[in-house]
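Build the complex: two chains, separate frames, hints provided.
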Amino acid sequence: MAFLSIQNLKVQYQTQGKRVHAVDDVSFSLENKESMAIAGESACGKSTLGLTIMRALQGNAAVSGEILLDDKPILKISDEEFTKNMRWKEISMVFQGAMNSLDPVFTVKQQFEEILKKHGYKGDHQKAILEAVSVVGLPVDVLEKFPHELSGGMKQRVVISMALLLKPKFVIADEPTTALDVLVQAQIMSLLKRLKKEGICVMLISHDLGIISEIAEKVGIMYAGRIVEFGNLSDIYGNPKHPYTDALLKSVPKLKGESELVSLKGNPPSLVNPPEGCRFYDRCPHAMEKCKKEPPKIKTPSGFVLCWLYE
Amino acid sequence: MAYNQVIMEEILSVKDLRKYFARGGLSSRKDVVRAVDEVSFSVKKGETFVLAGESGSGKTTTARLILRAIEPDTGSIIFDGVNVDNYGSALRKIRKECRMIHQDPYASVNPRMTVSDIVKEPLDIHEIGNTGEKNKLILEALQEVKLEPAEEIAKKYPHELSGGQRQRVAIARSIVTRPKLVIADEPVSMLDVSVRVGILELMRELQEKLGISFLYITHDLSTARYIGHRIAIMYRGKIVESGPISDVLSRPRHPYTQALIDSISDPNPDNLNKNKEIRINEPLDLNVYEGCRFRARCPYAVEKCKQEPKLEADEQDRLVACFFKLN
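Protein chains in written order, with the working numbering: chain A, 22 to 332; chain B, 2 to 328.
Hints may contain errors.
With a Cα cut of at most 20 Å, we get these calculated EDC-like pairs of lysine to aspartate or glutamate [what the hints assert, rightly or not]:
| id | chain 1 | residue 1 | chain 2 | residue 2 |
| --- | --- | --- | --- | --- |
| 1 | A | 275 | B | 221 |
| 2 | A | 271 | B | 267 |
| 3 | A | 277 | B | 271 |
| 4 | B | 277 | A | 229 |
| 5 | B | 275 | A | 55 |
| 6 | A | 277 | B | 81 |
| 7 | A | 275 | B | 149 |
| 8 | B | 147 | A | 229 |
| 9 | A | 286 | B | 161 |
| 10 | A | 271 | B | 271 |
| 11 | A | 277 | B | 263 |
| 12 | A | 275 | B | 161 |
| 13 | B | 275 | A | 229 |
| 14 | A | 286 | B | 149 |
| 15 | B | 16 | B | 81 |
| 16 | A | 214 | B | 309 |
Chain A regions said to be covered by chain B (calculated; three or more residues, Cβ under 8 Å) [unchecked claim]:
| id | stretch |
| --- | --- |
| 17 | 194 to 205 |
| 18 | 264 to 273 |
Quick caveat, the hints were computed from the structure, so don't treat them as lab data.
Since we're looking at a predicted model, the values are computed, not measured.
Yeah, the Cβ is synthetic: ideal placement off N, Cα and C, and Gly gets one too.
So that you can see chain B by itself, here it is in the shape it has in the complex (with noise of 0.2 Å):
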């Protein structure tokens, strides 16, 4: 793949960050669940870094964190050279050249908004332009994600389009202002499978045409596979393993990226006579904070487990937080 071949920068460095969420509301006796837990990950530029893992697994509260939606606990990101505390100047830079693409495309774009003005308004709020350049740029935007004829479409309303249409829209409105990071949170999940290949499509044409790095997080490995070039899977709020995308999908050495790929099935019709076997076990009731947080279900667990496994370099380029290592 040509985009190992150039030496690369990081766009964006993600080092140790925490969260911890407070559950049990009034009640004095609180549990705290770890969200997000000393995570370290870095986005080179121009290259599709993917976030795998379940639901409550932490990716998107990552991708909060990541744009300052919510305030880490301890942690740093720096990106594109600059650290992005509280300070106004690295918010305005991180919130203007990292964007974000939301998961229901029915709900991420408001109905009573056009489409032109839907795309416009990050250019308002990065004060970006007049109003003929604005024009200019939204139907630009129009046209790279292959809304045409971009003039009658940035007339219409969201209620007029499908929703592979409805999706391009957000993709437009998150790439208007020239962003050299892009966080797609689920971009593909709730839209009909026919159409999701159009839209990984757009996103690596984008990638090639502008340069844009993405941060792809996602459950579903099968498109991960397609558009990312490294993965971390997180489990737990912790990264279990990560590497090149598909070196970690075709030789898994943390048993639960084993699991997850155990259990997805792929079209194919000798699964019909197949038993479907998943190499995990049924949850024990452990304290999941201490020591490998994914020991309960771990059909390899051994005594050192109740220790915790730092995530730590394996091979080249792979990095694993487990004892054991599958082979």
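Just chain A, with the same shape it has in the complex (with noise of 0.2 Å):
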């Protein structure tokens, strides 16, 4: 039984009289409570996905498809019955700009309380909140802080700690380290991963291949609202099969060893009106004729490629 299993998972915003396919036709599964990554570029659907799964879309949005969650559907389980059970219980998220989001005329404290407050907390609050925050190795005396008060990669810490609070089994991480520094990117990310250790499985969003390196045990790769590649780290990592995979791995600078590095040409398609066919189609090196017709899902050793290549 899969931990978490997404069929044809769509996702459309309406605006203005358009249709934006955000996220179209995704399929994946994780087995176990594994940890896994989205990569991929701005505009490409990852933070829609997470979104969807935390069921936290604004109203323009329309989502069809399948999503179960140890075996529970998300999608199908009523608004009250999700925020009464599901969220922040069983899913919690850390939001982009998570730095931001804290309510900067309330204390720490206070806002932590009105989580517990909202989701009907029947423990000790000052026990449950001790406890978190001592997870994500923050002294005691944040708590009666103001935000101004914190530094950057304080607040991320208080922010994951809130995700933390009632110890959820799975958590989606929406770009948490973007915008701090390196100093303080690493440590969050060194906090991520003695989490994981923990026993909590990260959805980790990103645009950053080296820190999904740290983290995920699976990865996704997504290009214009598809997951265009799926398998182990090790995998597409090594052995990248699809173009764009290819592509986005040689396109990052490194800090050591020597590699050459190839930079994209061009531009994500639309995605107002995707074109028929593979997406990648017009920046493909690879592209052939039959490219233009919608690509097969193949097979992988931990997953799968959508690609005429592998055919």
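Next up, the structure:
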């Protein structure tokens, strides 16, 4: 039984008479409680995917497909029930730009209290808060402080500890280190690594292939609303199959070792009227005539790839 | 590398530059932030010099001081043989021949101006050419940054362009006056990973073709390594280490440089099962301006570090400000 299974997920935003296909027919599953990452460039739909699992999309989004977490059909549960039993208790999320998601007029402790109250927490509030704060390695005196008194890294840790407050099994972290300094970034990654060891399943959403390699056992590469390749970290990084994955890996400057960098020409297609066939067609060095048709899903040793090359 | 075979002159030389800011507003007790403190370095003709450090290390303040967007407290800036002081002629020279590319291409170009007008603005300000010549220079600059077809792009507005294209417009604007030095302040950090390399390659190409020197300001050592020749690492307003870039990054001598390198994750599947070790301490509560500024976090700090280390020659082409000096 899969821990998380997503089948034929589609998310469309309706804006100004246009329909944006932000997530288009995404399917994958996590067998055990492995940690995973969704990698891709801006506007490829990776944040939308995270928000859909969290059921935190805006009203103009239409969702179809199926998401099963521990066999519970997330999309079919009523809103009320999802809030009561799942949100923050089973799944929680560290939102993008989390540093700015704290309320500036309340102390950190008041903001923790709010979560506990909203979710009707029965146990000892003080104890739960202290535990959550110590898990992320923050000193107790941050609780009495206001957000502006904390540094960026500390705010990020506060937000992560809020996500862990009700002990969820599954935490979605959307760009948790972007906008932080490199040293602080590394500390947050060490923290996530430790949480992972303690049994929390992390889903990391990021454009940074370096930090993904610190956390994720499974990686999904997303391009223009689709997951074009999915598999084990070592397979994806060591032996990329999809031309986009290959191009993405080749475009990252590295600190160690010599490697030639290749830049990717062109822009991703508009998601308002996505083209028929493979969406990477215009930028792909291996594009062939049949790539104008919908690419097949080919099984790989640890996942799949959407590409005609491996037919 | 071909660049050090020729004897190179300096295009920019910064000496003992200092800028302190007072913090604390109207209250009587003011904190002084030593944003840039006795900073000296030079950029040679045709090279890319990297100024690297975290936010708050003073790297952007240094750039602003060079262009006299703010006044330095003390120190001198010599650009192309001319001492940049407050006299009009020197200021006009440095602002025409030393140009800047900013971090965010969504904020640095005016959304109400066409690409052609954006690139033309420096020509108007510096009164270069008549209308016909200006148009020719604009199209040339757009072609040089690979915005083709230039005639069509020139008529567009920024919202019609992608982030990478906007940054190319900003680069075209910076090279249209034929500058000798371009200060690039985090030019790729707001761009998508796949287009970053394209911009870095473009900078390299412009350097070869037009002989432009770059002062590349960044927190990202990986892109710095890709494009830079020499590097200076800044920490809290001071340069702690400098030298040829591959040398500094492969064999850091200052503990702060080592910690920065430790903290970077290259995309490598081996990382997954390794513990990330960063050789740095939790900061102690010390006066950072007493002695070495890195002392509060340095795992190698000794008693002597209460004195201030000088940035001194260590071995060939390398300068380090540290009593301990890693091997």
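| said: What's the verdict on residue 275 (chain B) and residue 55 (chain A), does the C-alpha distance respect the 20 Å limit or exceed it? | reply: Measuring from Cα to Cα gives roughly 16 Å; hence the hint holds.
| query | Taking only the CA atoms, is the gap from residue 214 (chain A) to residue 309 (chain B) under or equal to 20 Å? | reply | violated (37 Å)
| CA of residue 275 (chain B) to CA of residue 229 (chain A), is that 20 Å or under? | Cα-Cα ~18 Å, so holds.
| task | For the pair we were handed, residue 271 (chain A) and residue 267 (chain B), check the Cα-Cα distance against 20 Å. | result | Measuring from Cα to Cα gives roughly 12 Å; hence the hint holds.
| request: Assess, step by step, whether the Cα of residue 271 (chain A) is no farther than 20 Å from the Cα of residue 271 (chain B), and give holds or violated. | output: Given pair residue 271 (chain A), residue 271 (chain B) holds - Cα atoms ~18 Å apart, limit 20 Å.
| said: residue 275 (chain A) and residue 221 (chain B) were given as a pair; does the straight-line alpha-carbon distance stay at or below 20 Å? | reply: Between residue 275 (chain A) and residue 221 (chain B) the Cα gap is close to 10 Å, so the pair holds against 20 Å.
| message | Need the status of pair residue 147 (chain B), residue 229 (chain A): alpha-carbon distance at most 20 Å? | response | Outside the cut-off at roughly 27 Å; violated.
| message | Check whether the Cα positions of residue 275 (chain A) and residue 161 (chain B) lie no farther apart than 20 Å. | response | violated (32 Å)
| Has the given pair, residue 277 (chain A) with residue 271 (chain B), been kept, meaning a C-alpha gap of at most 20 Å? | holds (14 Å)
| task | Measure nothing beyond the straight line between the CA atoms of residue 16 (chain B) and residue 81 (chain B); if it is 20 Å or shorter, mark the hint as holding. | result | Since the Cα atoms of residue 16 (chain B) and residue 81 (chain B) sit roughly 14 Å apart, the hinted pair holds (cutoff 20 Å).
| query | Within the stretch 264 to 273 of chain A, is the number of residues with a Cβ closer than 8 Å to a Cβ of chain B three or more? | reply | holds (count 5)
| request: With a cut-off of 20 Å on the C-alpha distance, tell me whether residue 277 (chain B) and residue 229 (chain A) pass. | output: Holds, because 16 Å separates the two Cα atoms, which is no more than 20 Å.
Comparing the model with each earlier hint shows violations of hints 6, 7, 8, 12 and 16; every other hint is respected.
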